[in-house]
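S.K.: So the chains spell out like this:
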Amino acid sequence: MTTTLPAYDEVVARYEPVIGLETHVELGTNTKMFCGCPTDFGGEPNTRVCPVCLGLPGSLPVANKAAIEAIIRIGLALNCSIARWCRFARKNYFYPDMPKNFQISQYDEPICVDGYLDVEVGGETVRIEIERVHLEEDTGKTLHVGGATGRIHGATESLVDYNRAGIPLVEIVTKPIAGTGVLAPDVAKAYVAELRDVIRTLGVSDVRMEEGSLRCDVNTSLNLPGQEWGTRTETKNVNSLRSVERAVRSEMLRQASVLDAGGRITQETRHFHEDTGDTTPGRSKETATDYRYFPEPDLVPIAPDPAWVAELKAALPELPRVHRRRLQEQWGLSDLDMQSVLNAGAVELIEATVAAGTTPAAARKWWLGELSRRANESGVELADIGATPAQVAELQGLVDAGKLNDKMARTVLEGVVDGEGSPTQIMTSRGLEVVSDTGALTVAVDEAIAANPGIADKIRSGKVAAAGALVGAVMKTTRGQADAKTVRELILERLGVQG
Amino acid sequence: MAAISREEVAHLARLSRLAVTEEELDTFAGQLDVILQAVAQVGEVAAADIPPTSHSVPLTNIFREDVVTPCLTPQEVLSGAPDAEDQRFRVPRILSEDVAS
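Taken in sequence, the protein lines are chains A and B. In terms of the numbering used here, the numbers along the first sequence are unbroken and rise by one, the last being 511. In terms of the numbering used here, the numbers along the second sequence are unbroken and rise by one, the last being 340.
Same shape as in the complex, but just chain A (with noise of 0.2 angstroms):
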């Protein structure tokens, strides 16, 4: 397609975008949701499986209570009505990613309905809207092998590990979300990014998007203003939270060229493709899905106990909102800084960072300064950049103790997210320490001096800025291993005069 796409601000200006997220969650129980194979992650294939999640004739599911238990939790924390008595479904279809033919999940009887989460965005309070939260089984893993790029699309076979099938998964939907308008792909990220947030809280999941343990589907339309709702794209494939937001974007941006040229959208799942930020038609639904869902007859429907719902209620931990306004408080910050925290995902990362003896200001400046950069460079989550809290805090600590300057530091630091070692062990293998020996720094001082008599007489006569000169002089013949503020004060005092 070379189809030119319009300008974001433009798309805007003529169109409002209706956006709907359904997230899924793989929770972090022991065990599978209805069988007792075990759910770390990485094992070799099929190595955890039994008669239950393969489906085998006799074999019965049984609820893990660990996961009811999960998602009651996360019903209450993202404010929904937990159901009195409600039920499993079979969804019924033909793949192979269940080798039951079905897979036991929730239809018009969720565990919890009627929920909100609210997020910030731009310095607003944006309400997101939950329609529903249930609880599925995982499918397994399909290989496609014999196509050219491993694809779906030209393999000859598929080979299927499941490993991964029967893991309790949690789908959490959000009726459609309107009159965002330009925020659109901003609040999209921020309602996963405030999800996942609420979820590792909560202790449920590790919710690692890059591993599958959370992954998201974006639905898009767009519809000129005043006018009906349009027709909705499913976009999946989604795996990061910065391709949340690209993916709205470039949905719109598609629809809205589609829209211009008068044509019409189709109702189709799309693909988001990283390395493009872009979106291809995956699989057309002009046949009408028809899952014949009924009630899973090998369960029993389950009825959580008002009085356990209570417990689990007054037993929720702080939640992020809350959490973020008291970290805000104790670091002093405005809500202009707080908000630069967020954007840069570093609430929990300067929190380690100073949970590790850092200070705030020192946390926040290596966070939001070098890290931030290197993290924007190379397209990565701030948490994936490969620096951790406790690294930072170790080279803050280097600075403080005098051995590195800011420039050394950040020197460092840049070996740190290199995965050259600890701070530690790239200034000792890199030579990068300040140096302190008085000694050595005389001499160079006393050098720079006779090299610069012009310069040394104006800072006798009382011109102290002039040392500036003579420290860069000094700071030169160090290769920049000296700290500057000791160099300034040992030029002075080697002129004779008062700093």
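Rather than coming from a laboratory, the hints here were simulated on the basis of the structure. Just so you know, even glycine gets a beta-carbon here, dropped at the ideal spot from N, CA and C. Hints may be right or wrong, so weigh each one.
[To be verified] Chain A residues, not near chain B, derived (Cβ > 12 angstroms throughout):
| no. | residue |
| --- | --- |
| 1 | Val74 |
| 2 | Lys77 |
| 3 | Ala82 |
| 4 | Val138 |
| 5 | Leu155 |
| 6 | Arg336 |
| 7 | Gly443 |
| 8 | Ala452 |
| 9 | Thr489 |
| 10 | Gly508 |
[Claimed, not checked] Here are the simulated SDA-like cross-link-like pairs (lysine to any residue), alpha carbons at most 25 angstroms apart as the crow flies:
| no. | chain 1 | residue 1 | chain 2 | residue 2 |
| --- | --- | --- | --- | --- |
| 11 | A | Lys248 | A | Pro69 |
| 12 | A | Lys112 | B | Ala242 |
| 13 | A | Lys112 | A | Pro69 |
| 14 | A | Lys112 | B | Ser318 |
Given chain A, work out where chain B should sit, using these hints.
M.R.: Below, chain B without anything else, positioned relative to chain A:
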């Protein structure tokens, strides 16, 4: 009137990946119709005060603790597979099929 049409039977057969001949469609449509008619009679008896049920026993909340139990060995897992490769089930190519999520 028949409770199930010949077209509906053909649709179900396709969803179930069953190769059904034209004659079989007539046979099964007739047989399924008898079954559905019989079930419909139960529906006639059920009064408004009888809620629909999906289970014969009135149980709720049967849970299991989150404790790992032994799995099968990969050899056992794949023993019933028509074909396997790299310790995985090997299946014919999949195209334009629907995927659950």
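S.K.: Where does the structure disagree with the numbered hints, that is, which hint numbers, in rising order?
M.R.: 1, 2, 3, 5, 11 and 12
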